[in-house]
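One-letter residues, chain by chain:
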Amino acid sequence: MSSPKTAMRLNKILAMLPWVIANPGATVEEVCKRFGYTRKELVADLDLVFVCGLPGYGPGDLMVAYLDDDEVVVEMADYFSRPVRLTPGEGLSLLASGMAMVSSAQAMPALSSAVQKLQNVLLPDAGEAMVVDFAEPEAVGVLREAASTGTVVSIRYTALGTGATTERDIEPWTVFSTMGNWYVSAHCRYAEAERVFRIDRIRDIELTGETFDPPAEPPPPVVNYTPREEDARATIRLGPRSRWVADYYPVEILDDEKDHLIVRFSASDPAVAARLLLRLGADAELLSGDRVAESLAGLRDRITTRYGAGN
Amino acid sequence: MQKVIERILNLLAFLLTVERPVTAEEVRHTVAGYDAENDEAYRRMFERDKDLLRQLGIPIEMRPTDAWEVEYGYVISEDYALADPGLTDEERVALWLAAQAVRIGGSPGGATGLFKLGGAPMVGAGEPLAADLGKSVDELAVAFTCVAERRALRYRYRDKDRTVYPYGLVHRRGHWYLVGPESADVGVVKAFRMDRMGKLEPYGAEQAFVRPEGFRAADAIPAAGWEAGADDLRARVTFDQSVAWWAERQLPHTTEIDRDDAGGITATMSVANIEAFIGWMLGFDDGAEILEPESLRNRLIDRVRGVA
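In the order they appear, the protein sequences are chains A and B. What the first sequence shows, in the numbering used here, is residues 1 to 311, in sequence order. What the second sequence shows, in the numbering used here, is residues 1001 to 1308, in sequence order.
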């Protein structure tokens, strides 16, 4: 195996050479900025190119590459005048990230035309074969602005687990999206701690005008749930149709058989597990967990009462 | 690392100028850097270099060296070079910023691709979107290639081999979908969630299908879970004031909504997947109720009682 570093460096050389050949007179600064080189790295790569070329490997066969004052010179290397095609992974990455930004309405105008040009080359005559839809709730824009200007916002928030609604002042740090949902990480003045809020659960939002000093390095934006001592725990047997639960919830897998999966499920509120169990129906079974069992019984009770179908 | 790069540059220079298939033996004796001590060492070195080149997007292929096909040699296929999309520097910068802000399967992509497109004068950094599109680039690249090459994909689902003709690839609400029919000539276009498909393998020849005129992949993706499926019901549902706001944020725009004085709503909507719909309704605890049809009401009640 060649190391990823070797691949990266070779990729860069094979991209830099055609560009310099196509842009004679390019300055060191320009080439460095464009291809992410330091001057020293660029010199090292040019030195390397200088000793390569065609069989014979004499003065007339090797490529010529050096710095002339502030100018990058590459000669006798016409066979490297065409950049290499994109791999499927590279094409997909550029197209998908470009499309995501365009749909988020955050993009510079040049991005739309860039995405269109890439599509014409990578998916010619395919109509709208590839779509990345990244529509965002309205509050995302407000929070993003508040995060960049360091403005405190006041929100009315209904928690997903408990359904409790609270009003809080938060200092928004980072707005991010994962698994199809948008989140904001913030210092919550109400909880006096760092919190992550799901943005579509924010009922109302208002900029207060008050400012705050953002942390020098806000913690990385992740939705991480770490079970705490007081959280509800349950052991659940998942049938074949419910295996997806293990991919969506932070569960611990206790046993993995062909026809079932046994997991330990933790949640800050037992109602989360109860609702999930009800949804899964006969394909899942609660093996142990008193608080979850109690919550599930209550849930069954309330819904049957609502439907006038009490026992 | 230096030695490896030198000999690969020499190999490329040779193959790109010689314009005929070159045997492995000729490479060994002609190209600087390949003069290995023994056959086995040479073979391993050459294989490794070919792999690296393939990884960068440069395919090395075997072709007969003469009309009698007695001997085979290596060539770089003509399509190794970039089809230049003709980007402006402004467009390159925009793509660069997008690639920095969007992660795919946890890693920011795009740098190596962008270098091939001419790099980007990287002035300043934009406000990061910090979005993760999920799924690994490698998995998506297989699907993407087949979409581009109009080639079928094979996968296993519940112990059965299945085929999809990938007309399109869509990311919406955190999931990647492949869109297309399950046979080359029958036109029922469906959406398949990729995280439920298992490992995908290209299957059969390229150009195996033709997309319908004006094809739009996004049209096949349901707006809500209960809109995708084979069921066909109209349901009337009521939501109390406490949860009405949350229901409304998830209901498709086409839903008919009546408001009552207490702040609750009654919605009339289409249900194409009963299972998904029941699951969604249960999430509202006792804050919502299916009014019609009776069959759907009973399905939910049975579920809550533990009968189904």
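Hints were generated in silico from the structure; no laboratory data involved. You may find that some hints are simply not true.
[Stated by the list, open to error] In the SDA-like style, the derived pairs of lysine to any residue whose C-alpha atoms are separated by at most 20 Å in a straight line are: (1) B:K1003 with B:D1051; (2) A:K258 with B:Y1157; (3) B:K1003 with B:Y1042; (4) A:K5 with B:D1051; (5) B:K1003 with A:K258; (6) B:K1050 with A:P4.
Structure-based check of all given hints:
1. In summary, the hint linking K1003 (chain B) to D1051 (chain B) is supported, as the alpha carbons are separated by about 16 Å, within the 20 Å threshold.
2. A hinted pair counts as satisfied when its Cα atoms are at most 20 Å apart, and K258 (chain A) with Y1157 (chain B) qualifies at roughly 14 Å.
3. For the proposed pair K1003 (chain B) and Y1042 (chain B), the alpha carbon gap of about 14 Å is at most 20 Å, so the pair holds.
4. With a C-alpha separation of about 15 Å, the suggested pair K5 (chain A) and D1051 (chain B) falls inside the 20 Å cut-off, and the hint holds.
5. Annotation: proposed proximity of K1003 (chain B) to K258 (chain A) is violated, straight-line Cα distance about 50 Å (limit 20 Å).
6. In summary, the hint linking K1050 (chain B) to P4 (chain A) is supported, as the alpha carbons are separated by about 15 Å, within the 20 Å threshold.
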